[in-house]
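Just so you know, the sequences run in chain order A and B.
Quick note on the numbering used here: the first sequence kicks off at 5 and runs consecutively.
Quick note on the numbering used here: the second sequence kicks off at 981 and runs consecutively.
Take these hints with a grain of salt, some might be off.
What the hints assert, rightly or not - With a straight-line cut-off of 20 angstroms between C-alpha atoms, the simulated SDA-like cross-links for lysine to any residue are:
| hint | chain 1 | residue 1 | chain 2 | residue 2 |
| --- | --- | --- | --- | --- |
| 1 | B | K1086 | B | N1014 |
| 2 | B | K1013 | A | V144 |
| 3 | A | K163 | B | I1066 |
| 4 | B | K1013 | B | L1070 |
| 5 | B | K1013 | A | K130 |
| 6 | B | K1013 | A | L8 |
| 7 | B | K1013 | A | L23 |
| 8 | A | K164 | B | K1013 |
| 9 | A | K164 | B | N1014 |
| 10 | A | K130 | B | K1073 |
| 11 | A | K164 | B | T1042 |
| 12 | B | K1013 | A | K163 |
| 13 | B | K1013 | B | A1058 |
| 14 | B | K1073 | B | H1084 |
| 15 | B | K1086 | A | L23 |
| 16 | B | K1013 | A | M35 |
| 17 | A | K164 | B | K1086 |
It should be emphasised that the hints constitute simulated quantities derived from the structure, not laboratory data.
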Amino acid sequence: MSDLLFYTFAFLTLACAALVVVSKNTVNAAMFLLLSLVGVAGLFVLLDAALLAFVLLLVYAGAVVALFLFIIMLLDTTPGTFKAFTPLTVAASALGAALLVTGVLSLYHRAEFPAAAAPAAAPTLKAYAQQLFTTYLLPVQVVGFMLLTAMLGVIVLSKKFAVKEDAP
Amino acid sequence: MITPALAVIGLNTYLHVAALLFALGFFGVLLRKNTLVIYMGLELMLIASTLALVAFSKFNGTLDGNVFVFFILTIAAAEVAVGLAIIVALFRKRHTVQVEDLNHLKH
């Protein structure tokens, strides 16, 4: 049962990721990205990280993909502007991706991994909280500050400043 | 239906899925000319790395990988906001999101 779920979610993830790459319409690409993320969230649940699956869906489906769709609508990139890929681009990109996969897989086959899952209990919310507020307290603060900085950066980037006329 | 080599779903299987997902994102970044789709490819690569981290975390019996994914998701949210703001600013200036038209640093 778990195997079947794994293959379903893995197939959903990879197929939708492929469709993100090849779909001509940007809105369709964003929707396939959403489906791919749902697949990854399913894989997270199979890996005993249900909390992370929720966070992934909340942050990505709730914020990131919605933001993507909003920007796509805002910029109004009409679907007709899609240009066909040249065979050279496709071949070069496929070669690059294939080389990447080969390199990573050769790394996997040389490494020694733990064979079976360690008999650890599924992490609870309490365990996460304990880690976040003891070992990782400083990173939490830094990340919070970084979010503030990002927010300020976005405001500066999107605000229209009046151009000052320099007297000649 | 399922070959015996693939029958046991272990760390290796998850890592293969993560590697393929990363490669698909990379392929998209190289192939596409629309900035927004390139950005989606970047997101796919980021998600693939979190998948690998969660798999490592589970199969080593520690929580550190999961906590790390927390931070990655936070950074990803900030990154998307800033990146899309940059794309909007760029569109406002140049009226295009196709990378082949954004070649003014060349000349």
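Hints versus structure:
1. B/K1086 <-> B/N1014: 19 angstroms, holds
2. B/K1013 <-> A/V144: With Cα atoms ~36 angstroms apart, B/K1013 and A/V144 exceed 20 angstroms; violated.
3. A/K163 <-> B/I1066: The hint holds at about 11 angstroms.
4. B/K1013 <-> B/L1070: With a Cα-Cα distance of about 15 angstroms, the restraint between B/K1013 and B/L1070 holds, given a limit of 20 angstroms.
5. B/K1013 <-> A/K130: 45 angstroms, violated
6. B/K1013 <-> A/L8: The hint is violated at about 36 angstroms.
7. B/K1013 <-> A/L23: 15 angstroms, holds
8. A/K164 <-> B/K1013: Between A/K164 and B/K1013 the Cα gap is close to 27 angstroms, so the pair fails against 20 angstroms, i.e. violated.
9. A/K164 <-> B/N1014: Given pair A/K164, B/N1014 is violated - Cα atoms ~25 angstroms apart, limit 20 angstroms.
10. A/K130 <-> B/K1073: Violated: A/K130 and B/K1073 sit about 48 angstroms apart, past 20 angstroms.
11. A/K164 <-> B/T1042: It is violated: about 48 angstroms lies between the C-alpha atoms, which goes past 20 angstroms.
12. B/K1013 <-> A/K163: 27 angstroms, violated
13. B/K1013 <-> B/A1058: Cα-Cα ~24 angstroms, so violated.
14. B/K1073 <-> B/H1084: Judged against 20 angstroms, a Cα distance of about 12 angstroms means the pair holds.
15. B/K1086 <-> A/L23: 32 angstroms, violated
16. B/K1013 <-> A/M35: 18 angstroms, holds
17. A/K164 <-> B/K1086: Not OK: A/K164 and B/K1086 at ~27 angstroms, beyond 20 angstroms, violated.
Hints 2, 5, 6, 8, 9, 10, 11, 12, 13, 15 and 17, counting from the list given before, are not met by this structure.
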